[in-house]
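Colleague: These protein sequence lines map, in sequence, to chains A and B.
The opening residue of the first sequence carries number 3 in this note's numbering; numbering runs sequentially from there.
The opening residue of the second sequence carries number 375 in this note's numbering; numbering runs sequentially from there.
Treat each hint with caution, since some may be false.
Claimed, not checked - Straight-line alpha carbon distances no greater than 27 Å define the calculated DSSO-like cross-link-like pairs of lysine-lysine that follow:
{"no.": "1", "chain 1": "B", "residue 1": "Lys413", "chain 2": "B", "residue 2": "Lys398"}
{"no.": "2", "chain 1": "A", "residue 1": "Lys63", "chain 2": "B", "residue 2": "Lys398"}
{"no.": "3", "chain 1": "A", "residue 1": "Lys63", "chain 2": "B", "residue 2": "Lys413"}
{"no.": "4", "chain 1": "B", "residue 1": "Lys413", "chain 2": "A", "residue 2": "Lys8"}
{"no.": "5", "chain 1": "A", "residue 1": "Lys145", "chain 2": "A", "residue 2": "Lys129"}
{"no.": "6", "chain 1": "B", "residue 1": "Lys418", "chain 2": "A", "residue 2": "Lys129"}
{"no.": "7", "chain 1": "B", "residue 1": "Lys440", "chain 2": "A", "residue 2": "Lys59"}
{"no.": "8", "chain 1": "B", "residue 1": "Lys532", "chain 2": "B", "residue 2": "Lys469"}
{"no.": "9", "chain 1": "B", "residue 1": "Lys526", "chain 2": "A", "residue 2": "Lys59"}
{"no.": "10", "chain 1": "B", "residue 1": "Lys439", "chain 2": "A", "residue 2": "Lys59"}
{"no.": "11", "chain 1": "B", "residue 1": "Lys418", "chain 2": "B", "residue 2": "Lys439"}
{"no.": "12", "chain 1": "B", "residue 1": "Lys469", "chain 2": "B", "residue 2": "Lys440"}
{"no.": "13", "chain 1": "A", "residue 1": "Lys59", "chain 2": "B", "residue 2": "Lys532"}
Because the hints were derived from the structure by calculation, they are not lab data.
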Amino acid sequence: MAHAIKFHPGMSLLEQYAEGTLTADVALAVAAHIDLCPHCQRLSHDITVDLAAQLEKQPVKAGTDDWSDMLAAITAQPQQVKPGPAMPAATQPIIVNQREFVLPRALQRLAANHGKWLHLGGIATAKLPAGAEHHVSLLYISKDTEVPQHTHLGLEMTLVLAGKIVDENGEYCAGDLLINSPDDTHTPRTLANEDCLCLSVLSAPLQFKKGLTRLLNPLQQFFY
Amino acid sequence: MTEQQSSNTQWEDALTFVALQRDKSAYADLFSYFAPRLKAFGMKMFGNEQQALEMVQDTMLNVWKKAALFDASRGCASTWIFTIARNVRFDMLRKKQSRKDDISADDLWLNGEYPEPESDSDAGQWDNQLLTEKLAPHFNRLPPAQREVMEKVYLQEKTHQEVSDELAIPLGTVKSRIRLALDRLREALDGTRN
Numbered sequence: 003m004a005h006a007i008k009f010h011p012g013m014s015l016l017e018q019y020a021e022g023t024l025t026a027d028v029a030l031a032v033a034a035h036i037d038l039c040p041h042c043q044r045l046s047h048d049i050t051v052d053l054a055a056q057l058e059k060q061p062v063k064a065g066t067d068d069w070s071d072m073l074a075a076i077t078a079q080p081q082q083v084k085p086g087p088a089m090p091a092a093t094q095p096i097i098v099n100q101r102e103f104v105l106p107r108a109l110q111r112l113a114a115n116h117g118k119w120l121h122l123g124g125i126a127t128a129k130l131p132a133g134a135e136h137h138v139s140l141l142y143i144s145k146d147t148e149v150p151q152h153t154h155l156g157l158e159m160t161l162v163l164a165g166k167i168v169d170e171n172g173e174y175c176a177g178d179l180l181i182n183s184p185d186d187t188h189t190p191r192t193l194a195n196e197d198c199l200c201l202s203v204l205s206a207p208l209q210f211k212k213g214l215t216r217l218l219n220p221l222q223q224f225f226y
Numbered sequence: 375m376t377e378q379q380s381s382n383t384q385w386e387d388a389l390t391f392v393a394l395q396r397d398k399s400a401y402a403d404l405f406s407y408f409a410p411r412l413k414a415f416g417m418k419m420f421g422n423e424q425q426a427l428e429m430v431q432d433t434m435l436n437v438w439k440k441a442a443l444f445d446a447s448r449g450c451a452s453t454w455i456f457t458i459a460r461n462v463r464f465d466m467l468r469k470k471q472s473r474k475d476d477i478s479a480d481d482l483w484l485n486g487e488y489p490e491p492e493s494d495s496d497a498g499q500w501d502n503q504l505l506t507e508k509l510a511p512h513f514n515r516l517p518p519a520q521r522e523v524m525e526k527v528y529l530q531e532k533t534h535q536e537v538s539d540e541l542a543i544p545l546g547t548v549k550s551r552i553r554l555a556l557d558r559l560r561e562a563l564d565g566t567r568n
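With the sequences and hints as input, model every part of the structure.
Modeller: Here it is, written out as structure tokens:
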């Protein structure tokens, strides 16, 4: 990757991810970021090692339970033999706007079953079959396109998967993770020469703010 | 070899015996050490004994069945067992919500290792600045386990191996805690993380 990833999940998100206590949809965005970010790969590995050391040092009272039945039931089962070298999972690119994108490992299986692409102007979105609490979708933005200014009624996580997007606060490239909370308002757009594919995780619909774009509010379902 | 050092590789050795020779007595040692600790972990996570025990059984069954997949060169036995328990627990919770075509532990956590990043150079780069006054106030806010390691390495100038022996924790854990602490300090300083 030619550039360094600048926007990472915070330490507490990484800790909850490693612990397995993060909501699945939020964890998915973090997992996909980690696939793209060697720095967070190492951090999440380190956190996992640390959590495991805590498990190992956990004090327990001796002899309060009788484990012999469980032990016997387990060792009565056959073991698996060592498999050959693992087959690298086939990576299937996704296609939108006649462009092919290879997604991070964490999204491969779910993206193979993505919903139909819905188009609105230069923007297209397709739902991933994931998430009870949040809505998880792929968001494609053509070159030179603006997403109307909006606020967030809930949490918005956007992971740039390819290309580049800019908003009032900065410039985001592949691997960058943007987290917007309910009070943030922004107008993301693409540059004239580069389109963008993102993973979007939303806990509530977007709300459009400006003039005529408020007419989009009935279309909230499109993004959500 | 001191007693502490031998306990550092005890579980890795036990797993290897289980994998190579179906060694039931090595497995029984592993089981009687980890099952009660996994149960305590499960009680914390589920708050209910039946599910905690289901998690223990599923996790320890995987340890028995898949021992051949454990690779001691990639990490400790406890890390391997912890990740199995985490994934079992995650999938138990998802199944309870009866969502089939949904996010699974296999999507979230890579089964194996990412390629090794080139170097630890950024940690080295931070060493010089570490004890500046700027960092001192943040030092006290590190989690106790990380602070303890950092104090031994940076204030008492002990080697990573000495710290590992002294605290009876694996060398990898010492290195992990240092990197985590460095990252926390960096985060405290420049606040680039969300």
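Colleague: Against which earlier hints does the structure fall short, listed by number upward?
Modeller: 4, 6 and 8
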